[in-house]
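Start from the sequences, fold in the hints, and give me the full structure.
Number of protein chains: 2
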Amino acid sequence: MPLPDDLLAHLSARFGERFSTALPVREQHGKDESHFPACPPEAVVFAQSTEEVADAVKACAGSGVPVIAFGTGTSLEGHVAALQGGVCIDVTGMNRVLEVRAEDLDVSVQPGVTRKQLNEYLRDTGLFFPIDPGADASLGGMAATRASGTNAVRYGTMRENVLSLQVVLPDGRVIRTAGRARKSSAGYDLTRLFVGSEGTLGIITELTLRLHGIPEAISAAVCPFPSIEAAVNTVILTIQSGVPVARIEFLDKVMVGAVNRYSKTSHQEAPTLFFEFHGSPASVREQAEKVEAIAAEFGAEGFQWATGTEERTKLWAARHNAYYAGVALRPGCRAWTTDACVPISRLAECLLETEEDLKTTSLISAIVGHVGDGNFHVMLLVDPASPEEAAEAERINHRIVRRALAMDGTCTGEHGVGHGKMAFLEEEYGEALDVMRAVKRAIDPAGIMNPGKIVIP
Amino acid sequence: MPLPDDLLAHLSARFGERFSTALPVREQHGKDESHFPACPPEAVVFAQSTEEVADAVKACAGSGVPVIAFGTGTSLEGHVAALQGGVCIDVTGMNRVLEVRAEDLDVSVQPGVTRKQLNEYLRDTGLFFPIDPGADASLGGMAATRASGTNAVRYGTMRENVLSLQVVLPDGRVIRTAGRARKSSAGYDLTRLFVGSEGTLGIITELTLRLHGIPEAISAAVCPFPSIEAAVNTVILTIQSGVPVARIEFLDKVMVGAVNRYSKTSHQEAPTLFFEFHGSPASVREQAEKVEAIAAEFGAEGFQWATGTEERTKLWAARHNAYYAGVALRPGCRAWTTDACVPISRLAECLLETEEDLKTTSLISAIVGHVGDGNFHVMLLVDPASPEEAAEAERINHRIVRRALAMDGTCTGEHGVGHGKMAFLEEEYGEALDVMRAVKRAIDPAGIMNPGKIVIP
Chain A
1 MPLPDDLLAH LSARFGERFS TALPVREQHG KDESHFPACP PEAVVFAQST EEVADAVKAC
61 AGSGVPVIAF GTGTSLEGHV AALQGGVCID VTGMNRVLEV RAEDLDVSVQ PGVTRKQLNE
121 YLRDTGLFFP IDPGADASLG GMAATRASGT NAVRYGTMRE NVLSLQVVLP DGRVIRTAGR
181 ARKSSAGYDL TRLFVGSEGT LGIITELTLR LHGIPEAISA AVCPFPSIEA AVNTVILTIQ
241 SGVPVARIEF LDKVMVGAVN RYSKTSHQEA PTLFFEFHGS PASVREQAEK VEAIAAEFGA
301 EGFQWATGTE ERTKLWAARH NAYYAGVALR PGCRAWTTDA CVPISRLAEC LLETEEDLKT
361 TSLISAIVGH VGDGNFHVML LVDPASPEEA AEAERINHRI VRRALAMDGT CTGEHGVGHG
421 KMAFLEEEYG EALDVMRAVK RAIDPAGIMN PGKIVIP
Chain B
1 MPLPDDLLAH LSARFGERFS TALPVREQHG KDESHFPACP PEAVVFAQST EEVADAVKAC
61 AGSGVPVIAF GTGTSLEGHV AALQGGVCID VTGMNRVLEV RAEDLDVSVQ PGVTRKQLNE
121 YLRDTGLFFP IDPGADASLG GMAATRASGT NAVRYGTMRE NVLSLQVVLP DGRVIRTAGR
181 ARKSSAGYDL TRLFVGSEGT LGIITELTLR LHGIPEAISA AVCPFPSIEA AVNTVILTIQ
241 SGVPVARIEF LDKVMVGAVN RYSKTSHQEA PTLFFEFHGS PASVREQAEK VEAIAAEFGA
301 EGFQWATGTE ERTKLWAARH NAYYAGVALR PGCRAWTTDA CVPISRLAEC LLETEEDLKT
361 TSLISAIVGH VGDGNFHVML LVDPASPEEA AEAERINHRI VRRALAMDGT CTGEHGVGHG
421 KMAFLEEEYG EALDVMRAVK RAIDPAGIMN PGKIVIP
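So the sequence lines, in the order shown, correspond to chains A and B.
By full-length UniProt numbering, the letter at position 96 of the first sequence is numbered 96, and the numbering carries on one by one without gaps.
By full-length UniProt numbering, the letter at position 292 of the second sequence is numbered 292, and the numbering carries on one by one without gaps.
Hints listed in this document are in silico derivations from the structure and should not be mistaken for laboratory results.
Accuracy of the hints is not assured; some may be wrong.
Since the list gives no way to pick one copy over another, a pair counts as held whenever it fits inside one copy or between any two copies.
What the hints assert, rightly or not - As a list, the in silico DMTMM-like pairs of lysine to aspartate or glutamate whose alpha-carbon atoms are at most 25 Å apart:
no. : residue 1 : residue 2
1   : Lys290    : Glu103
2   : Lys58     : Glu426
3   : Lys290    : Glu216
4   : Lys58     : Glu229
5   : Lys253    : Glu394
6   : Lys253    : Glu216
7   : Lys290    : Asp124
8   : Lys314    : Glu301
9   : Lys253    : Asp408
10  : Lys116    : Glu269
11  : Lys253    : Asp357
12  : Lys58     : Glu431
13  : Lys314    : Glu292
14  : Lys58     : Asp434
And the structure:
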């Protein structure tokens, strides 16, 4: 439905050239990197300050018009689709690092700052921000979807690394969810309520994030295994032994092949683990020795070490490009990416049963996993023009989700709900979903914030 | 106001001898360990299962009667005071450890299990639960108040160590907030919403908690400093250097004296830090050397090491008994305990200004602090019969809270809000407090869950 004339006039007058109803702009803002079809908003506001976001939200609230926040558009469950039309607020222009407080190991940023931009900015401070989803996503979007990535096994997810948020509420008021103390027991945990709320309760306009010291020593390794089971059992024993590994990533044989072709590497095409160890030189050596011994128990040979910065960067670039390497396996396709996460004791079983599923499909598929957390992704390569292939991917995704839920896991470890995973929440939460609905109704009674995502109130 | 006759009859029939309206029972359930006066409920139900809690809540909800959960009664902000009468549900009978899953490093427990009971139970597993408030509190109560303690600097608080909760909602329905996956981005973070909600949104009837491997090596040390500033600067530099210290606790000169007398120790009476290091033998040695070097920079001499289990236990027992040692400084008194927490860069300033405040009062006072988190407590010893002394303690507490808030800290690091800290939340959160009110109204529309705590909806 088109926007009311008075709202159009108001936003146009308020934002001038930073307000657009041009179709290409709208189309670009209605889709993410998922397989879901684009669903453009009626208009886009390019906001440059909290005040501007608040003004735009207030104007939309006055007309009962939906509001959808937009960062880098790299989400994977249709989070930015304007399912009920409305106004998209693009915050990529709010991209300043506001204050680094090295002495407190924290930083305040605007929501459009991307993770790579932040780490580039921090370069000379000896500090870094560890959360690294595949894309160079905006930090606002990462908080909104409770993102994580390869470092979560040691450093946690956005849940653990956001200290405080500034949020524009659905009525345009601006709040701050917490101070900067490392811990607090002062009432309901508003910070954690907005982390993962996907723009359905408010729009994040500033974030205060925890930083970590760059470790004195870092070493990385890659190691092929005789089977998926051997690789996963190595992971399980490593975690259970309390080795404080920083990264422990799994790639299946297909994915290693894809990475080799895409990144011009020559890893042995077998189920493979990528490791990284952080700490003092002695501690890193000790961790590495322990893990190598565990891997040997499960038949691994050929640990290949990367200790120099350049070597390590190359190794991890190959891992980080796995998504694009996977997509390149079938030119013209789109990736349908699953995101199950299970208790680690169930991971081998979950992956092996999933491997059996994949044998039943003609779709090309590859597996990558943040296995230290029990989280893995199956990439299913689908012809965007084929409804049969989409249905087939959906079938496999359903099986994987149901399996994860039966193992007391979750339908989404780090990609969020968007509209793509909503159907599974009833099964995952049962009546607890009513509490989410009640929270949504309480904070956004008019239902204008990113409607049709997470829960239908 | 007395309970309606039909509710009395119903609860009495349902719970038999485990329902009581006897004054001594009610009085015992209306007070905690704080300076606040007792405020007994009208009746007490001793529940033994989730179903019983749900039945009791349903019955109370039917009559619009308040419900207050009760564990060990060791809270410090009047959390269990029945300000509007009602029924107290004592869950101490729900004290079974339900399932230890060593392979997933987690455990499910009933809410009445205490932290010491759990660690005793885990004795032969090589695992432990690190959160250790002063009291041997129930785990349900610890989750409800978002408790922490001496290990939080390394292991986090209840916020980071609860994986999932079973909760009885205000209408008697039973929900589970999450599965057991280590991470999830599946919608609003219900687990974190109930952690710290102090029984105002529902009653916790089961908890799944993260466990940690008992470190291969542990060493502890105690070290006197020439000044508070020297001690705190040592803490700040230790944290900033990224030393993964497990515990770093501060005691002021008065408190060290109190501990010496109470626990028959002979520590030098000076501002003192207690340290503990966890890890491999090499890593523990390395951490200890780094911290000793940092302390030396600030003029510390005389690190006294405790590496054997018995020595360490003795050292930490003395620290853990600090509360009781403090109270013993003035027989017959009650302790008024503050709980400010600030960003670590402001800690020295905050403590030094607080020390100046304490020079202006005739009350005996002592300071202990979980200083690695920026959190400290001033114990003010107050004659319970003297309104003047209470007013004086309140005056000092206000000054400390205002100072912490001005430094972007919090009015309560780990004790929670209860009714004792409610007056400060407006100042700490501003309009964000409206979001808490909206959440309270949404989940507990009749306002029967522990009314008069955290927020007035």
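Here's how the hints hold up against the structure:
no., hint, in the structure
1, Lys290 / Glu103, "between (34 Å within a copy, 18 Å between copies)"
2, Lys58 / Glu426, "between (32 Å within a copy, 24 Å between copies)"
3, Lys290 / Glu216, "both (19 Å within a copy, 13 Å between copies)"
4, Lys58 / Glu229, "neither (54 Å within a copy, 48 Å between copies)"
5, Lys253 / Glu394, "within (23 Å within a copy, 66 Å between copies)"
6, Lys253 / Glu216, "neither (33 Å within a copy, 36 Å between copies)"
7, Lys290 / Asp124, "between (32 Å within a copy, 23 Å between copies)"
8, Lys314 / Glu301, "within (21 Å within a copy, 47 Å between copies)"
9, Lys253 / Asp408, "neither (27 Å within a copy, 50 Å between copies)"
10, Lys116 / Glu269, "neither (30 Å within a copy, 50 Å between copies)"
11, Lys253 / Asp357, "within (16 Å within a copy, 66 Å between copies)"
12, Lys58 / Glu431, "between (33 Å within a copy, 16 Å between copies)"
13, Lys314 / Glu292, "within (21 Å within a copy, 38 Å between copies)"
14, Lys58 / Asp434, "between (28 Å within a copy, 17 Å between copies)"
In this structure, the hints that do not hold are numbers 4, 6, 9, 10, in rising order.
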